[in-house]
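**Q** Assemble chain B onto chain A, guided by the hints.
Protein chains: 2
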Amino acid sequence: MADLESALAYARDHQKDFLEEFISFLRIPSVSTLPDHKDDMYRAADWIIKQLESIGFESVAVMPTGGHPVVYGEWMKAGEDAPTILFYGHYDVQPPDPLELWLSEPFEPQLRGDDLFARGASDMKGQIVAHLKAVESLLRTSSLPINMKYLIEGEEEIGSPNLGDFITENENLLSCDLCLNGDSNILAPDKPAITFALRGLAYFEIRLQGAAGDLHSGTFGGAVDNPAIVLCKLIAGMRDETGRVNLLGFYDDVRPLSERERSEMVSMPDEWWMEQSGASVLFGEQGFTTTERATARPTLDVNGMISGFTGKGSKTVLPAQAMAKISMRLVPDQKPERIKDSLEAYLEANAPPTVTWELEDMASSPPAIVERDSDAVHAASRALEAVWGVKPVFQRQGGTVPVVGLVQELLGVDSLMLGFGLPDDNLHAPNEKLHLPNFWRGIETYIRFTCEFGS
Amino acid sequence: MADLESALAYARDHQKDFLEEFISFLRIPSVSTLPDHKDDMYRAADWIIKQLESIGFESVAVMPTGGHPVVYGEWMKAGEDAPTILFYGHYDVQPPDPLELWLSEPFEPQLRGDDLFARGASDMKGQIVAHLKAVESLLRTSSLPINMKYLIEGEEEIGSPNLGDFITENENLLSCDLCLNGDSNILAPDKPAITFALRGLAYFEIRLQGAAGDLHSGTFGGAVDNPAIVLCKLIAGMRDETGRVNLLGFYDDVRPLSERERSEMVSMPDEWWMEQSGASVLFGEQGFTTTERATARPTLDVNGMISGFTGKGSKTVLPAQAMAKISMRLVPDQKPERIKDSLEAYLEANAPPTVTWELEDMASSPPAIVERDSDAVHAASRALEAVWGVKPVFQRQGGTVPVVGLVQELLGVDSLMLGFGLPDDNLHAPNEKLHLPNFWRGIETYIRFTCEFGS
Numbered sequence: 120m121a122d123l124e125s126a127l128a129y130a131r132d133h134q135k136d137f138l139e140e141f142i143s144f145l146r147i148p149s150v151s152t153l154p155d156h157k158d159d160m161y162r163a164a165d166w167i168i169k170q171l172e173s174i175g176f177e178s179v180a181v182m183p184t185g186g187h188p189v190v191y192g193e194w195m196k197a198g199e200d201a202p203t204i205l206f207y208g209h210y211d212v213q214p215p216d217p218l219e220l221w222l223s224e225p226f227e228p229q230l231r232g233d234d235l236f237a238r239g240a241s242d243m244k245g246q247i248v249a250h251l252k253a254v255e256s257l258l259r260t261s262s263l264p265i266n267m268k269y270l271i272e273g274e275e276e277i278g279s280p281n282l283g284d285f286i287t288e289n290e291n292l293l294s295c296d297l298c299l300n301g302d303s304n305i306l307a308p309d310k311p312a313i314t315f316a317l318r319g320l321a322y323f324e325i326r327l328q329g330a331a332g333d334l335h336s337g338t339f340g341g342a343v344d345n346p347a348i349v350l351c352k353l354i355a356g357m358r359d360e361t362g363r364v365n366l367l368g369f370y371d372d373v374r375p376l377s378e379r380e381r382s383e384m385v386s387m388p389d390e391w392w393m394e395q396s397g398a399s400v401l402f403g404e405q406g407f408t409t410t411e412r413a414t415a416r417p418t419l420d421v422n423g424m425i426s427g428f429t430g431k432g433s434k435t436v437l438p439a440q441a442m443a444k445i446s447m448r449l450v451p452d453q454k455p456e457r458i459k460d461s462l463e464a465y466l467e468a469n470a471p472p473t474v475t476w477e478l479e480d481m482a483s484s485p486p487a488i489v490e491r492d493s494d495a496v497h498a499a500s501r502a503l504e505a506v507w508g509v510k511p512v513f514q515r516q517g518g519t520v521p522v523v524g525l526v527q528e529l530l531g532v533d534s535l536m537l538g539f540g541l542p543d544d545n546l547h548a549p550n551e552k553l554h555l556p557n558f559w560r561g562i563e564t565y566i567r568f569t570c571e572f573g574s
Numbered sequence: 120m121a122d123l124e125s126a127l128a129y130a131r132d133h134q135k136d137f138l139e140e141f142i143s144f145l146r147i148p149s150v151s152t153l154p155d156h157k158d159d160m161y162r163a164a165d166w167i168i169k170q171l172e173s174i175g176f177e178s179v180a181v182m183p184t185g186g187h188p189v190v191y192g193e194w195m196k197a198g199e200d201a202p203t204i205l206f207y208g209h210y211d212v213q214p215p216d217p218l219e220l221w222l223s224e225p226f227e228p229q230l231r232g233d234d235l236f237a238r239g240a241s242d243m244k245g246q247i248v249a250h251l252k253a254v255e256s257l258l259r260t261s262s263l264p265i266n267m268k269y270l271i272e273g274e275e276e277i278g279s280p281n282l283g284d285f286i287t288e289n290e291n292l293l294s295c296d297l298c299l300n301g302d303s304n305i306l307a308p309d310k311p312a313i314t315f316a317l318r319g320l321a322y323f324e325i326r327l328q329g330a331a332g333d334l335h336s337g338t339f340g341g342a343v344d345n346p347a348i349v350l351c352k353l354i355a356g357m358r359d360e361t362g363r364v365n366l367l368g369f370y371d372d373v374r375p376l377s378e379r380e381r382s383e384m385v386s387m388p389d390e391w392w393m394e395q396s397g398a399s400v401l402f403g404e405q406g407f408t409t410t411e412r413a414t415a416r417p418t419l420d421v422n423g424m425i426s427g428f429t430g431k432g433s434k435t436v437l438p439a440q441a442m443a444k445i446s447m448r449l450v451p452d453q454k455p456e457r458i459k460d461s462l463e464a465y466l467e468a469n470a471p472p473t474v475t476w477e478l479e480d481m482a483s484s485p486p487a488i489v490e491r492d493s494d495a496v497h498a499a500s501r502a503l504e505a506v507w508g509v510k511p512v513f514q515r516q517g518g519t520v521p522v523v524g525l526v527q528e529l530l531g532v533d534s535l536m537l538g539f540g541l542p543d544d545n546l547h548a549p550n551e552k553l554h555l556p557n558f559w560r561g562i563e564t565y566i567r568f569t570c571e572f573g574s
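So the sequence lines, in the order shown, correspond to chains A and B.
Take any residue in the first sequence, note its place counting from 1, add 119, and you have its number in the working numbering.
Take any residue in the second sequence, note its place counting from 1, add 119, and you have its number in the working numbering.
Among the hints, erroneous ones may be present.
If several chains are the same, the list does not tell them apart, and a pair holds so long as it fits within one copy or across any two.
To be verified - Calculated lysine to any residue pairs in the SDA-like style (CA-CA distance at most 25 Å, straight line):
id	residue 1	residue 2
1	Lys431	Gly397
2	Lys431	His156
3	Lys157	Arg560
4	Lys352	Gly397
5	Lys196	Glu172
6	Lys196	Val179
7	Lys510	Ser493
8	Lys510	Glu383
9	Lys310	Ala355
10	Lys352	Phe407
11	Lys352	Glu324
12	Lys157	Arg146
13	Lys459	Thr260
14	Lys454	Leu466
15	Lys169	Asn289
16	Lys310	Gln405
17	Lys352	Leu367
18	Lys352	Ala468
19	Lys454	Ala464
Calculated from the structure, these hints are not laboratory results.
The shape of chain A in the complex, shown without the other chains:
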């Protein structure tokens, strides 16, 4: 049987070791989107393998996919009658650029105050290590009351393009009663939270081609159209001044927010959003709170764009090409395929004859809402309250975790989103950090949750 108190004591006694191991994991620049880091992906996968092996997991393996590999491992000694939890995580991280805005090296973790700064500290190596150390604390002092499987992928930050195939091909291996997804956050250091809804994603690259090659803007300006300006006009037309998306049919499948849902949602004040984002002025659709706009309403954003000469100085070129990465966050019951049709129709209707265009699907994921009245949610709720001293709140999140939709569809199980990042952790941005007190409380919460869920 699991001995809660011994495991908690073990975790407290080993904080120094845990932190050192965490730092060694953060030093591996496992950037999934950059081909140069292919070897680092294997190093990161191997780091997890060694952890799982050292605490007695079995069938531990780096499993190939069409892209970066998946790490799998299992501990099935709780027996057939005990429930099985599949812990999901991702060992890949976002690119660190723009590098010049980091105060310390992104892959040389630095502790400043209570925060550990490094790319991937919060998203989500910190959450993986917290769970590994919770399991270690239980296994080194007693046992687990449940069976555990680990599925740690390496492509979350690029939209999990191979995860669906992997889950389909390994349906039996991954079968479970619940997916515990650590890729999540709480609201503030003193505000524990459980996430019950996530937004989906439809991410595209639009490429325009004007003349065959770059031209001299003096010789040809006035004779030939400018694809950068055409791109600007197209993008300008996609969203109105309040952020409402103008694509035809974009809102057709949006499930309206009921008054009950709105009243139950944790809405943070605008001051909080300003503080978290560093924006001095907020922005968005009329008629919704900022929290609603950022978690329960769909959006359209430019994630990147480029055309022509962008170095120092003044090159007088009339560019031949322009590119933008454009993504929409989706809410139930929007479907990425219908959004793509809508964008395609917009480009058909609005791109002038002076350019040709291509639209490439870069990533897509359906939105998700999970069951709030379940054993897992109740166990997590009790664990959080025991550690934090206050009841957790239930929140929707604006981000996308593709695996939630996939495990629902392919394995038929809900996901419990339980992770300990903070909204100001600078995910996907320079100076990403993890608040270490959350790391320690996270380990304790995972220990308590495991005992609660298995009891």
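**A** Then chain B, alone, in the frame of chain A:
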């Protein structure tokens, strides 16, 4: 006295040597806008120095400026009564990027058919070498009937930021009766031309700042505005669907094209513009021919823009910054300062409170029109007709040559634009080339012009 026939014979006999020397000049990557090439700028300046010294020029010197140095040299042995011509050129070249679109290395000249491919071949090392070799042909066989000065700057491609000061400080040294500007072109291999008007330039960089740092588009999309989209909306509003500029007061100072001017202008057919540009559809203001739009009407273009993540893959970032390089080509009597005021007023009026903006002046130059009924134009006309066998046409050019306005203002002399590039030479673009038959005819034209002007 100058002996025309001997000089022409010398030039024909030395084609092989001339070409080898030209190639050695093209091998120097004298890219003025990139700080890494500072040494190459000195190497290019030195190459000209050695040429001038070897043909007997005096006071030959690399003269410092606030930026890249100027090369000066003179041959004053024609005496006080003979006219003095100041030959203007620039030894700097545009950056070669995008490198992947070059069929051969930009600084490893390659002869394919009659064309020599290299960055700077046409703009304008080829024109400088053609004039140097014309002078050499005369001086090695007889003499010059005129005095010659050379002013070869190294900052034309970045808007000649130090040339005005240099000319002001060296007014006596540079005093002359005419500036011969080789930074020019003819219409086609069988269509010699003299340029009598140039467009001016007002080149800006606009930088927008949204939130303090890049944000996660899932967490903050819907709560915070997107500077890339704001930039697109601002740019989209600067120009209408036909290319007409929407900035308030932009057309106030434009001198209308008279019917006489329109009838005298060489207007190339649209097929020619499509062939030269590689654009399958042309574009621009209603009511003007393409040639008029590209040479005698002002324009606004985006020369480059960037925001957010532009690498491979799908980073879900909500960018904090967005930048665009925007330039206007100006015609008489527009003034760069008034255009800047107009752009600034537009940004003031249209930028939303969700961003802050900066506007930086990158380069500016007034438009220019020169005297068509002069000795210099007549001499050039006769020289071109003798070499090409047809009378030259008079053309306006869409590009900007800042020095033309400067020598008019500071030295009080007109510029004769006489160079031998072609409109399809890929200036400022990959695969720049010089049509070698034009190079040989250019040398002969410069020899004949020198004799005609001095007679």
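**Q** Hints broken by the structure, by number, lowest first?
**A** 1, 3, 9, 13, 16
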